[in-house]
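Turn these sequences into a full structure, and let the hints steer you where they fit.
The lines below spell out each chain.
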Amino acid sequence: MFEEASEVFDNMFKSSFPLTFIVFIPAVLILVSPLPAEAAHEFTVYRMQQYDLQGQPYGTRNAILNTEARTVEAEVLSRRCVIMRLVDFSYERYQKALRQSAGAVVIILPKNMSTMPQDIVQFMELEPEMLATETIVPVYFALEDDELLSIYTQTLTSSSSQGSSSAAEVLIHTATANGFQMVTSGAQSKAVSDWAITSLEGRLAGTGGEDLPTIVLVAHYDSFGVAPWLSYGADSNGSGVSMLLELARLFSRLYTYKRTHAGYNLLFFVSGGGKFNYQGTKRWLEDNLDHTDSSLLQDNVAFVLCLDTLGNGDSLHLHVSKPPKEGTAQYALLKELETVASNQYPEVKFSMVHKKINLADDTLAWEHERFGIRRLPAFTLSHLNSHREVQRSSIMDVRPHVDLRKLSRNTKLIAESLARVIYNLTEKGAPGDLQIFTEQMMQEEQLSSVVDWLTAQPRAAQLVDKDSSVVSTLEYHLGRYLKDVRRHYVKADKRDPEFVFYDQLKQTMNAYRVKPAIFDLLLAFCIAAYLGVIYLSIQKVVERLYAKSP
Amino acid sequence: MTLFHFGNCFALAYFPYFITYKCSGLSEYNAFWRCVQAGATYLFVQLCKMLFLATFFPTWEGGAGVYDFVGEFMKATVDLADLLGLHLVMSRNAGKGEYKIMVAAMGWSTAELVMSRCIPLWVGARGIEFDWKYIQMSFDSNISLVHYIAMAAVVWMFTRYDLPKSFRLPVTVLLGLCVYKAFLME
Numbered sequence: 001m002f003e004e005a006s007e008v009f010d011n012m013f014k015s016s017f018p019l020t021f022i023v024f025i026p027a028v029l030i031l032v033s034p035l036p037a038e039a040a041h042e043f044t045v046y047r048m049q050q051y052d053l054q055g056q057p058y059g060t061r062n063a064i065l066n067t068e069a070r071t072v073e074a075e076v077l078s079r080r081c082v083i084m085r086l087v088d089f090s091y092e093r094y095q096k097a098l099r100q101s102a103g104a105v106v107i108i109l110p111k112n113m114s115t116m117p118q119d120i121v122q123f124m125e126l127e128p129e130m131l132a133t134e135t136i137v138p139v140y141f142a143l144e145d146d147e148l149l150s151i152y153t154q155t156l157t158s159s160s161s162q163g164s165s166s167a168a169e170v171l172i173h174t175a176t177a178n179g180f181q182m183v184t185s186g187a188q189s190k191a192v193s194d195w196a197i198t199s200l201e202g203r204l205a206g207t208g209g210e211d212l213p214t215i216v217l218v219a220h221y222d223s224f225g226v227a228p229w230l231s232y233g234a235d236s237n238g239s240g241v242s243m244l245l246e247l248a249r250l251f252s253r254l255y256t257y258k259r260t261h262a263g264y265n266l267l268f269f270v271s272g273g274g275k276f277n278y279q280g281t282k283r284w285l286e287d288n289l290d291h292t293d294s295s296l297l298q299d300n301v302a303f304v305l306c307l308d309t310l311g312n313g314d315s316l317h318l319h320v321s322k323p324p325k326e327g328t329a330q331y332a333l334l335k336e337l338e339t340v341a342s343n344q345y346p347e348v349k350f351s352m353v354h355k356k357i358n359l360a361d362d363t364l365a366w367e368h369e370r371f372g373i374r375r376l377p378a379f380t381l382s383h384l385n386s387h388r389e390v391q392r393s394s395i396m397d398v399r400p401h402v403d404l405r406k407l408s409r410n411t412k413l414i415a416e417s418l419a420r421v422i423y424n425l426t427e428k429g430a431p432g433d434l435q436i437f438t439e440q441m442m443q444e445e446q447l448s449s450v451v452d453w454l455t456a457q458p459r460a461a462q463l464v465d466k467d468s469s470v471v472s473t474l475e476y477h478l479g480r481y482l483k484d485v486r487r488h489y490v491k492a493d494k495r496d497p498e499f500v501f502y503d504q505l506k507q508t509m510n511a512y513r514v515k516p517a518i519f520d521l522l523l524a525f526c527i528a529a530y531l532g533v534i535y536l537s538i539q540k541v542v543e544r545l546y547a548k549s550p
Numbered sequence: 001m002t003l004f005h006f007g008n009c010f011a012l013a014y015f016p017y018f019i020t021y022k023c024s025g026l027s028e029y030n031a032f033w034r035c036v037q038a039g040a041t042y043l044f045v046q047l048c049k050m051l052f053l054a055t056f057f058p059t060w061e062g063g064a065g066v067y068d069f070v071g072e073f074m075k076a077t078v079d080l081a082d083l084l085g086l087h088l089v090m091s092r093n094a095g096k097g098e099y100k101i102m103v104a105a106m107g108w109s110t111a112e113l114v115m116s117r118c119i120p121l122w123v124g125a126r127g128i129e130f131d132w133k134y135i136q137m138s139f140d141s142n143i144s145l146v147h148y149i150a151m152a153a154v155v156w157m158f159t160r161y162d163l164p165k166s167f168r169l170p171v172t173v174l175l176g177l178c179v180y181k182a183f184l185m186e
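Protein sequences appear in the order of chains A and B. So that you can map any letter, position 223 of the first sequence is 223 in the UniProt record's numbering, and since no number is skipped, the others follow by simple counting. So that you can map any letter, position 162 of the second sequence is 162 in the UniProt record's numbering, and since no number is skipped, the others follow by simple counting.
Calculated from the structure, these hints are not laboratory results. Backbone N, C-alpha and C define an ideal beta-carbon position, used for all residues, glycine too. Heads up, some of the hints might be wrong.
Derived CB-CB ranges, DEER-like [what the hints assert, rightly or not]:
(1) A:E73 - B:C118: 34 to 44 Å
(2) A:E169 - B:W132: 18 to 28 Å
(3) A:L536 - B:D131: 48 to 58 Å
(4) B:D131 - A:D88: 52 to 62 Å
(5) B:L3 - A:Y476: 24 to 34 Å
(6) B:L3 - A:P57: 39 to 49 Å
(7) B:W122 - A:E169: 28 to 38 Å
(8) B:W132 - A:E389: 48 to 58 Å
(9) A:E73 - B:F18: 44 to 54 Å
(10) A:Y476 - B:W132: 54 to 64 Å
(11) A:L545 - B:F18: 13 to 23 Å
(12) B:C118 - A:V121: 54 to 64 Å
(13) A:Q539 - B:W122: 25 to 35 Å
With a straight-line cut-off of 25 Å between C-alpha atoms, the simulated DSS-like cross-links for lysine-lysine are [to be verified]:
(14) A:K356 - A:K325
(15) A:K515 - B:K133
(16) A:K325 - A:K335
(17) A:K540 - B:K22
(18) A:K355 - A:K282
(19) B:K100 - A:K540
(20) A:K506 - A:K190
Some chain A residues well away from chain B (every beta-carbon gap over 10 Å; in silico) [claimed, not checked]:
(21) R93
(22) T184
(23) G206
Okay, here's the thing in structure tokens:
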């Protein structure tokens with residue numbers, strides 16, 4: 001048969017040369033074409049943070065992955081992708097995977113994260129530890145769904161049954177088990193160049209002459225967590241931003257009427273890059289104090305109040321780097337806060353926390369320290385006792401973490417205290433329980449909707465660029481109440497960048513069902529046997545046919 | 001799953017054809033070119049069937065769950081053209097006696113193998129993802145080889161004049177079964 005076939009092909013070659021091209025070029029093209037395959041399951045994964053802060057790298061350095069899946073119980077973990085569920089997650093297991101030079105780690109997060117509070121707290125504590133160690137291995141987070149869960153259980157059964165069974169079992173196991181190959185579709189991560197962190201400022205001018213004292217209110221709008229796409233930052237610092245907008249609204253209403261127009265300038269600043277050592281604030285201060293001739297910040301600053309994480313809890317801490325001296329506006333605010341808290345909101349425990357600025361630390365503690373370095377009197381108000389609390393930088397900080405009643409109560413408290421300072425009410429003899437703002441002025445629905453909107457999207461600094469909707473909506477909001485709303489951009493210095501962000505933070509991962517290599521050999525063996533049987537049987541049939549017919 | 005797996009499926013699909021060709025003695029009769037001609041007739045018949053179906057049977061917009069008996073029945077009837085094609089091959093192709101059947105059937109089923117199975121195997125079995133259906137497809141091609149041999153034999157018997165009357169009925173029934181096999185399976 002091959003002779004005839006070769007004759008045919010010879011004719012084809014000799015007769016018409018172009019014909020052979022037509023036949024063979026497509027064949028060759030098909031042979032070398034890349035192969036788009038269908039996956040058993042395709043899902044979105046979110047990468048762990050990757051950034052450099054002041055030259056120090058943090059987080060995972062790698063993004064691509066094309067390895068077989070295993071769970072942590074398997075014996076051989078090297079160059080495999082380790083899948084873990086949040087319920088089984090612990091730092092020792094994570095370290096074990098890394099020590100055995102695993103290819104990647106994928107952590108499956110439950111859809112409804114608030115159902116298991118102990119796991120959440122444990123995970124929150126681990127987040128900064130995971131970020132502190134620089135890993136070459138890509139670490140991804142995925143939200144759980146049914147198919148992913150079934151993939152996980154299948155991998156679990158195959159991983160845990162390795163190395164404990166007889167040879168026959170292993171043979172059957174290789175034939176029937178389903179392995180999974182995890183492949184990401186993106187490229188390797190690289191540094192994003194020219195990323196601009198946006199901040200917004202707006203003001204309300206006071207009345208009554210030049211050189212009025214200025215009060216600055218600051219809140220940073222970005223959020224932080226172990227995975228940028230999953231950090232919604234509800235309490236830290238969505239609560240701060242919504243409170244700032246509410247204060248802007250209240251005081252702009254007061255400032256529209258001549259009778260209530262006070263003699264203080266109010267400057268509102270919504271800063272970006274807050275979780276990365278307050279880059280927005282730092283550059284804003286440099287621009288305003290060093291590079292311009294006249295700015296509100298250069299003249300008479302009464303004090304700077306930073307709002308950070310105020311959406312929960314029954315305590316309020318005023319963090320200062322230097323205790324305020326008597327007779328200053330700072331001291332007045334401190335006293336007013338104490339008065340209002342004790343008279344009108346007895347359930348709130350108010351205290352002052354004194355912490356000196358430690359310039360030897362890698363990062364600054366609170367936002368007011370940036371102002372303190374430039375010798376502006378500043379403090380931060382927060383319900384957290386220490387800046388090291390893990391709630392400030394966790395992906396578990398989602399909308400249910402903010403208690404709207406407490407947020408609204410804190411807003412009222414701060415508004416009252418500020419009003420008492422601005423209008424000098426205590427000196428004028430107003431009693432401690434005088435309520436300036438009536439119930440109608442406070443709009444809880446507005447607070448609620450702002451918090452809902454803020455927590456609907458991740459606001460990590462790497463994801464909010466200057467065209468982002470978060471920035472433009474905030475700009476619009478501020479523009480409704482304040483004058484001179486301006487944007488302020490921070491770009492990292494070219495030669496010695498303070499911060500470097502990396503891309504490829506969200507990927508699509510495909511899980512392909514694969515069989516172990518032995519399976520192919522087994523199958524080849526079976527097919528060879530089958531073909532042998534067929535050959536023999538056909539031979540027998542043909543022989544019998546020949547024997548019958550004469 | 002890999003090229004190796006593709007090789008496995010291809011071997012499973014193709015080797016029985018090869019073995020049948022070798023062992024049935026067709027190679028002694030220089031029947032290779034005739035098989036190719038039979039394959040070309042297969043292509044032509046399929047093309048005609050497709051054109052016919054596309055022209056005369058618009059897409060049925062019945063509900064998704066309702067099985068459209070009449071429409072599918074008509075479509076299956078078009079498969080009669082398959083039988084006509086086989087008959088055509090056998091009558092026109094020179095070839096002695098019983099070997100006509102073998103030639104026709106071999107050519108026909110090889111063409112079907114190449115046309116309908118090679119591309120899915122190439123695209124699918126070579127990918128990373130493993131699915132049992134490729135092994136199933138290759139095995140299915142073995143079964144269809146036997147099926148086409150039987151079908152060609154029955155067609156041949158149908159066209160013989162000197163067939164006893166008693167055989168007529170079973171032969172017709174078998175032919176009918178061949179054509180409507182897909183339809184009855186539903």
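Results for each hint:
no.	hint	in the structure
1	A:E73 - B:C118: 34 to 44 Å	holds, 43 Å
2	A:E169 - B:W132: 18 to 28 Å	holds, 21 Å
3	A:L536 - B:D131: 48 to 58 Å	violated, 31 Å
4	B:D131 - A:D88: 52 to 62 Å	violated, 30 Å
5	B:L3 - A:Y476: 24 to 34 Å	violated, 58 Å
6	B:L3 - A:P57: 39 to 49 Å	holds, 40 Å
7	B:W122 - A:E169: 28 to 38 Å	holds, 35 Å
8	B:W132 - A:E389: 48 to 58 Å	holds, 53 Å
9	A:E73 - B:F18: 44 to 54 Å	holds, 47 Å
10	A:Y476 - B:W132: 54 to 64 Å	holds, 57 Å
11	A:L545 - B:F18: 13 to 23 Å	holds, 19 Å
12	B:C118 - A:V121: 54 to 64 Å	holds, 58 Å
13	A:Q539 - B:W122: 25 to 35 Å	holds, 31 Å
14	A:K356 - A:K325	holds, 15 Å
15	A:K515 - B:K133	holds, 14 Å
16	A:K325 - A:K335	holds, 12 Å
17	A:K540 - B:K22	holds, 13 Å
18	A:K355 - A:K282	holds, 20 Å
19	B:K100 - A:K540	holds, 21 Å
20	A:K506 - A:K190	holds, 13 Å
21	R93	holds, 28 Å
22	T184	holds, 13 Å
23	G206	holds, 68 Å
In this structure, the hints that do not hold are numbers 3, 4, 5, in rising order.
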